[in-house]
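Undergrad: Listed below are the residues making up each chain.
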Amino acid sequence: GDSVTQMEGPVTLSEEAFLTINCTYTATGYPSLFWYVQYPGEGLQLLLKATKADDKGSNKGFEATYRKETTSFHLEKGSVQVSDSAVYFCALSSNTGGFKTIFGAGTRLFVKA
Amino acid sequence: EAGVAQSPRYKIIEKRQSVAFWCNPISGHATLYWYQQILGQGPKLLIQFQNNGVVDDSQLPKDRFSAERLKGVDSTLKIQPAKLEDSAVYLCASSLGGRGTNEKLFFGSGTQLSVL
Numbered sequence: 001g002d003s004v005t006q007m008e009g010p011v012t013l014s015e016e017a018f019l020t021i022n023c024t025y026t027a028t029g030y031p032s033l034f035w036y037v038q039y040p041g042e043g044l045q046l047l048l049k050a051t052k053a054d055d056k057g058s059n060k061g062f063e064a065t066y067r068k069e070t071t072s073f074h075l076e077k078g079s080v081q082v083s084d085s086a087v088y089f090c091a092l093s094s095n096t097g098g099f100k101t102i103f104g105a106g107t108r109l110f111v112k113a
Numbered sequence: 001e002a003g004v005a006q007s008p009r010y011k012i013i014e015k016r017q018s019v020a021f022w023c024n025p026i027s028g029h030a031t032l033y034w035y036q037q038i039l040g041q042g043p044k045l046l047i048q049f050q051n052n053g054v055v056d057d058s059q060l061p062k063d064r065f066s067a068e069r070l071k072g073v074d075s076t077l078k079i080q081p082a083k084l085e086d087s088a089v090y091l092c093a094s095s096l097g098g099r100g101t102n103e104k105l106f107f108g109s110g111t112q113l114s115v116l
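Residue numbers (our numbering), protein chains in the order written: chain A, 1 to 113; chain B, 1 to 116.
FYI, nobody ran anything at the bench for these hints, they're computed from the structure.
Predicted model, so just to flag it, every value in this text is computed and none were measured.
Heads up, some of the hints might be wrong.
Straight-line Cα separation of at most 30 Å, DSS-like style, residue types lysine-lysine; simulated pairs [to be verified]:
#	chain 1	residue 1	chain 2	residue 2
1	B	K62	A	K77
2	B	K104	A	K60
3	B	K44	A	K56
4	A	K52	A	K77
For reference, chain B alone in the conformation it holds in the complex (with noise of 0.2 Å):
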């Protein structure tokens, strides 16, 4: 079974400028996670899809960050400007969503961002 991929696997940026990262979730599942970890923290949630609607985004800066899942399947989180506070890794995730408690996460291997 393939896992949760993600690219690209690093960027560095300066700030102001604008990034996207990409994100294609396990086959099958309806639920997409976009997580931020920055080092020496544990991850925060930015944004929740289920299927092709958002469930949470609430902790998601809108003003400079947006994300979408076009058909319910593949996901890409963008930044525009940057900031130096948003280096950091960022994870995507996806799970079966069937809107319980005891959900699996299945996590890619992370974007790690730099912003000079």
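Just chain A, same shape as in the assembly (with noise of 0.2 Å):
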């Protein structure tokens, strides 16, 4: 079946530093994929998506490219700031099975001032 994986946490940076969370998925069908972001008592929002192959979605500083060909969705920021410290969950939607969102296991992301 669909499934996702990402990186595990914690990873800890310094304030500037460059950020990369690994995610590699496996999926029958043309899934899209997102990142959604938990900060610290908040809810799971949307951070980024990407619909198809090559397509690159980014907010707030962060990228993500879908690449097909290595099945994977890794998050990228240049400069990291405190207020980024979250939990970042990558996750997959496909036409398989009614259109269910798949969620990875989640990477925690500490940013030291």
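Using the supplied hints, reconstruct the complex from the two chains, each of which is provided in its own coordinate frame.
TA: The structure is reproduced here in structure tokens:
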């Protein structure tokens, strides 16, 4: 079945460091890919998405490119801030089984001042 | 625009007791989801409704969990009887329900359940 695998955390970085959180997926059909973020004390919210191969999703300085050849959707940010500290979830939605959205296990990011 | 509303925010029960959670999705959203998020794990889909019909409940433990969506709007998720391993955050989400793969999900704040 469809699945999402993302790098284990926690990831601890200093402010202004470069961030990469790896995400790979397994899916039949042509899924859309997402990154959701959960800030401390808040609910999950969509960060960015890409709906087809080679699409790049971007928001708030974060980027991720849909790579069909490597079945990956890695999240990157050039310069993290303390306010980026959160849990990041990679997710996919495929057109099999009723368009359900499947999430990875999440990666916790700590950014130190 | 009002978000997805869930209640209660927290619930503590003893094993073998029953519990119910309530969700009010964003107005006009046809699709409603219940996810279970165990500490340290990603959300796991329990059940997905399209209006008041069930689209997917393949991971719902039907011997103890039940869910309904009255008139295609509000939804309740019930656990009876609860087990220790049911301790988790129960998330409700909704989406427009356009039957595509690029649907954005809107999440509520969740109900944190502790089973003692």
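Undergrad: Compare the structure with each hint and give your call.
TA: Hints, one by one, checked against the model:
1. B:K62 with A:K77: Not satisfied, since the Cα-Cα distance of roughly 42 Å exceeds 30 Å.
2. B:K104 with A:K60: 17 Å, holds
3. B:K44 with A:K56: It holds: about 26 Å lies between the C-alpha atoms, which stays within 30 Å.
4. A:K52 with A:K77: 21 Å, holds
Taken one by one, the earlier hints fail for this structure only at number 1.
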